[in-house]
Each structure stands twice: as structure tokens, then as C-alpha cells.
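Trainee: Residue-level listing of the chains:
There are 2 protein chains.
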Amino acid sequence: MSRALPQTEPASDLPPRVTIYEVGPRDGLQNESSSVPTPVKAEFVRRLVAAGLETVETTSFVSPRWVPQLADAAELLADLDEVGRGPLRPVLVPNERGLDRALEAGVGAVAIFGSATETFAQKNLGRSRAESVQMFAPVVRRAQEAGLWVRAYVSMCFGDPWEGPVPVDQVADACAELMDLGCDQLSVGDTIGTGTTGHVEALLAALDRRGVGVDRIGVHFHDTYGQALANTLTALRAGVTVVDASTGGLGGCPYAKSATGNLATEDLVWMLDGAGVESGVDLDALVETSAWMAQQLGKASPSRVVKALSGG
Amino acid sequence: MSRALPQTEPASDLPPRVTIYEVGPRDGLQNESSSVPTPVKAEFVRRLVAAGLETVETTSFVSPRWVPQLADAAELLADLDEVGRGPLRPVLVPNERGLDRALEAGVGAVAIFGSATETFAQKNLGRSRAESVQMFAPVVRRAQEAGLWVRAYVSMCFGDPWEGPVPVDQVADACAELMDLGCDQLSVGDTIGTGTTGHVEALLAALDRRGVGVDRIGVHFHDTYGQALANTLTALRAGVTVVDASTGGLGGCPYAKSATGNLATEDLVWMLDGAGVESGVDLDALVETSAWMAQQLGKASPSRVVKALSGG
Chain D
1 MSRALPQTEP ASDLPPRVTI YEVGPRDGLQ NESSSVPTPV KAEFVRRLVA
51 AGLETVETTS FVSPRWVPQL ADAAELLADL DEVGRGPLRP VLVPNERGLD
101 RALEAGVGAV AIFGSATETF AQKNLGRSRA ESVQMFAPVV RRAQEAGLWV
151 RAYVSMCFGD PWEGPVPVDQ VADACAELMD LGCDQLSVGD TIGTGTTGHV
201 EALLAALDRR GVGVDRIGVH FHDTYGQALA NTLTALRAGV TVVDASTGGL
251 GGCPYAKSAT GNLATEDLVW MLDGAGVESG VDLDALVETS AWMAQQLGKA
301 SPSRVVKALS GG
Chain Y
1 MSRALPQTEP ASDLPPRVTI YEVGPRDGLQ NESSSVPTPV KAEFVRRLVA
51 AGLETVETTS FVSPRWVPQL ADAAELLADL DEVGRGPLRP VLVPNERGLD
101 RALEAGVGAV AIFGSATETF AQKNLGRSRA ESVQMFAPVV RRAQEAGLWV
151 RAYVSMCFGD PWEGPVPVDQ VADACAELMD LGCDQLSVGD TIGTGTTGHV
201 EALLAALDRR GVGVDRIGVH FHDTYGQALA NTLTALRAGV TVVDASTGGL
251 GGCPYAKSAT GNLATEDLVW MLDGAGVESG VDLDALVETS AWMAQQLGKA
301 SPSRVVKALS GG
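For the protein sequence lines, the chains are D and Y, in the order given.
End of the first sequence = 312 in full-length UniProt numbering, gap-free, step of one.
End of the second sequence = 312 in full-length UniProt numbering, gap-free, step of one.
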């Protein structure tokens, strides 16, 4: 037996090409308990780019007090040099101070992160939702003036661990307020992984009513309840063409007793390959990268594809 | 924080009600290496029925030489008594001898199992595909004469580990030959888990061309490559209303280095609950059952929902 392959059969209603927005080095490693040396992170990013991932979010300029795992952001970008630059290598910035550090490091793209709920805005950003929009306004303006590409993440778009259900129109309003600052792309985040297929349709419709069309939307699903790929499929059928994923499924969920984090890039690529949707990614190179990273972290990848193809 | 719930948002193109065909006690336990005592199996079936699963495949009358895990089929059915009888408690039968034993045990439904490929027919049934249809003909006839409900499983419908890709028209022919014997329901099996969304659409269309409509089809996906729930969603959108699943995701894949087996019933119920699709299943009771069974087996459930809600 050679290695298994999906049999290519085009699917109805899928776009011909999907852009994978790889979040493993940032969202993945930020939620891993192991400390990863900077040169390993740099090698990780280089391998991801070599495997065909065009867009790779490399790190975060959030205060090291909050995210010690990514305290080496400046060192990492210095190590990566040209590989870490340009509009396809965004970094996370929480505020103007983070933007300053990112600009100093010579990045070409940044991502801000807001909340769909008041409770999470208070817990994650230490201020109300309205105040957080005010905080982000000068970040987006200055980033644009510097010629950077800007993405807006919004968390808790499909439910909040403290507030419970979140009405889709409230989520759409919160997203639109950030997009109205002039961001280039929105990433709607199912931070706790509770979202399901109809919920995805409802939120995309609500966003469209608020003037944020699928051409500016990326989807960011966590696999906490096993829904990430089915939700992604629903989003693609609705016209979304940007999907966030983390190689090897790196990154746990801080809000559930689960080791399962982001949608695994490999499981997504398997589906896209099978459906004949172009992503530019070499699945074998990606699985090899995940197996290598799993060794570095000392824990098995939760990706089904990685498990099946590499035994871990 | 109380336990997370999916937020109910109806999905387009989904049926109002889905029948879950629970295969945990048979397909799940048959592929587990641990030996499970008969009273534990009986308790497992009782708990599943109590959790709202109407259809539960209880065991198999395949020769104990081939499936020693289920050698206690007659004892289990004696223990289950009325709970194990009727058209909603099928058992697997490989041939007339198996049917004899099943009839003796007083079952009300049986399932035969064929192959979409020559190689797997030889390996699993010890004869050609055509010969296997001849073998099953008297089994189906006699089962019908005895008033039993009859299901036909077909394996390797989305790829074969020895032959590789399998054309959908070949699969449809193999399925139709068994259905033409007079079976009530077909279960199309992605035995190695390689299938993807477009492939599901293509096979359902091929089956329709061969006269096997979605009203007689159940889908049976393995999560080896993480595709099971996305494929199920595609099948439901195409009009299928019967989905095979295994509580806790019990059962490995014998054809890949992966511990991941059948679609986990919990992950399916989460999606259906979220989309407002009725299944009759109480998710909390199911998760509790999986956590209990995981203890019996001494290994964690691969179900995402079980992991998130029970920490194992």
C-alpha cells in the first residue's frame, strides 16, 4: 500500500481557489505550554512557506507579560529577515505600542483583535467594546499610513463562555465597527468552537447586511467540538475564500478541557485536494513539518491526517 | 461557566429529522483491542437506547475465528432480551450460517456486508464480488421470509487501500447488485476514510442513476482523515437522512496508522442540535456513556465533544 490519497471529485458550490491563512506560529504556539526556542520557530515558518503556504502569521507583539510564549517576536523577525516581511506575513498587535514594535521590526502587515462581547472585551482587552474600538482606531490609521495590510480578528463570534449565546446581529455590528476603521480583512473567530453549520450561514448573512461581504471575510474555527471542517465547508459554499488554519492543529482551547485547538491545516488541505480546490499547499511537506514540530513540542498532533500519515 | 452548548441556528438544505444508526457496540467494539465483558456490552447498549438512540446495531454473527471480540453475540442478545429484539436492533451476518445463529437468537433485523472492490471482496469475504452476491442472495431471501429488516453494508466505497481510487459507477453497481436482492437499506462505507465532499456528491448521484435513491441510503464515514462530519453534512444536504455513527468514536481504522475510527455520535449530535435537526438523542447522556465506556476500555475517546465536555 502506498500512502492514501483523496480521490479528486469536484464539489458543487466551492470556489476554485482557497487562501489558507496559516496561524500555527502565532495562534498555535501562543496556546502551547512548551517553550519553543526562537530558531525552531524560524525553521517552522520557513518550512510552512516552503510547503506552499502563502500567508503565514508569524508572531505577536502583545506584551510578554500576557503572552510569554511569543516574547521573542523581534528576535524571530530578525532571524526570518526577508521571509518574515511583506503583506503576507502579518503579526498580531494589541495597541499602538505593539504597532510601534512591529514597525520597528519592519513588518508589512498587522492584525488587531476585538471582541464580539462585552465580557470578553473586558477580560481580554481590559476595557469595554466601544473603548477597544477607540483604542484600535489610531492603530489602523497609522498602519495604513505606513502602507501595511491590516486584518481584524473578532473573538467569540459563535458564543461566549461567560455570556453564552451571542446574537448574530450583535456580532455583525462588532465586526463592522472594526472594518469601518479601514481594515482590509475580517477574521470571524469561533474562539470556543461551539458554532455549527446554520450558525455560520446566519452570521455571514448578518455580516452581509452590515456591508461586510464574503470577499473581505476569513473564517477562524476551533475544533473543540469537532465542527471546524464542516463549518469551513459551509463558509466556502457561502462564498468565503479565506480560511484560518493551524498546521498540525497546534494550539489548545483555553476555554474548554480540551487539547483540541484550531482547525488543522492538513485536514483542510485533504478536503480541498479531494474537491479539486487549489490551495498551493504540498500536503506531504506539511505533514512532515507537523511531525517534526510534534517532536519539538513533545506531544502528538491532534490532526487526523497527521496521525494517519505519520503515526503521530 | 456552565457547559457549552451549540447555539441553535437552522441550516439551509438540511432535513428536519435525521436517524442516527448507532454502530458503537458492533463496528466500534469489533475494532477495539480490549476485550469487553458481555455484561458491559449489554449495559452499553441499554445506555445508548436510554440516551435516545432508536437504532442500535448490537453485535455480529461473524465467525469468532475472525472477530473474537464479538464471539459472545448469542450471550449478549440473551442478556439484552427485549432490548435486543425488533427491527431497530440489527446484527451483522456474513452468510447463511450467521443468519441461522441470528434467527436462533430471535433478532428482528440483519445486516450483510459486501465490497465495492474485487480485492477487498477476496480479502474480507474470501471470494469474488460476483460470488459474494450469490452468497448473500439466499441470506436476504430467507431473512425477508422470516420478516426481518435487512441492511446492506458496502465497504471501500470511497477508495481501497490496495486498489487505490474506485470509480463511483463501479461502486454504484456493486451497491445496486446487493440492493436488487431486496435489501431495505444501503450503507455506503468510507472504510479507509479518504472520501471528501465532492466525492460524496458524485457517489450519491451515481447511486441515483442506478435506481438507489437517497431515501434508501445511509452513510458510513470514518474520521481517519478528519472528513467524516463534513462528508456527513454534504450527504444530508443531498437528501440522505440516515447516518452511521459510533458513540465516543469507538473503533480504530485497521487500514491506517490511526486510532481514529467511525464518526463520533456526539460530534454528529452537536452539529444536528446546533442546526435544529431532530435526532431524539440526549447529548449529555451520551457523553456520560462514552466517558464510562472509555474507563472500561482504559483509553480516551477520540470524540472532540467527549474530550471537551468530560476531559477524556
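Worth flagging that the hints you see were computed from the coordinates, not collected in a lab.
Values in this document were obtained by computation on a predicted structure and should not be read as measured data.
A hint or two may mislead.
Said to hold, decoys possible - Selected chain D positions facing chain Y (in silico; Cβ < 7 Å):
#  : residue
1  : Ala4
2  : Glu9
3  : Trp66
4  : Val67
5  : Gln69
6  : Gln122
7  : Asn124
8  : Ala202
9  : Gly226
10 : Ala275
11 : Arg304
12 : Val305
13 : Ala308
Stated by the list, open to error - Now the stretches of chain D that chain Y is said to cover, found in silico as 3 or more residues with beta-carbon under 8 Å:
#  : region
14 : 53-63
15 : 162-174
16 : 230-242
What the hints assert, rightly or not - For each label pair, taking beta carbons as the anchor points, the in silico distance ranges come out as:
#  : chain 1 : residue 1 : chain 2 : residue 2 : range
17 : D       : Asp208    : Y       : Ala205    : 28 to 36 Å
18 : Y       : Pro165    : D       : Lys299    : 33 to 41 Å
19 : D       : Glu163    : Y       : Asp169    : 47 to 55 Å
20 : D       : Gln122    : Y       : Gly52     : 35 to 43 Å
21 : Y       : Pro68     : D       : Gln296    : 34 to 42 Å
22 : Y       : Glu104    : D       : Gln296    : 56 to 64 Å
Ideal placement from N, C-alpha and C gives every residue a C-beta, glycine not left out.
Trainee: Let me make sure I understand: some of the numbered hints might not hold for this structure. Which ones are they, in numerical order?
Mentor: As far as the earlier hints go, 3, 4, 5, 6, 7, 14 are violated by this structure, in ascending order.
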